[in-house]
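Student: From just these sequences and the hints, can you work out the full model?
Residue 819 is where the sequence shown ends in the working numbering, and the numbering goes up by one at each step.
You may find that some hints are simply not true.
[Said to hold, decoys possible] Pairwise CB distance ranges, derived in the manner of DEER restraints:
{"no.": "1", "residue 1": "E818", "residue 2": "K790", "range": "41 to 49 Å"}
{"no.": "2", "residue 1": "A788", "residue 2": "E818", "range": "43 to 51 Å"}
{"no.": "3", "residue 1": "E814", "residue 2": "K792", "range": "45 to 53 Å"}
{"no.": "4", "residue 1": "E814", "residue 2": "L794", "range": "37 to 45 Å"}
Derived by calculation from the structure, the hints in this document are not laboratory data.
Here the structure is a predicted model, which means the values were calculated and not measured.
Glycine residues also receive a C-beta, built at the ideal position from the N, C-alpha and C atoms.
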Amino acid sequence: MAYKWKQLAFRFLFERKISEELSGIGLENLVER
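Tutor: Okay, structure coming up:
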């Protein structure tokens, strides 16, 4: 059971990091324009 919780937590952090990077890239693109 602990393994499953670890997997869920890791996935949550991973997706959050990707979304933050994507939003950061989006902001950079807007600034360049």
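Student: Hints numbered earlier in the text: which of these fail when held up against the supplied structure?
Tutor: Per hint list: 3, 4 violated.
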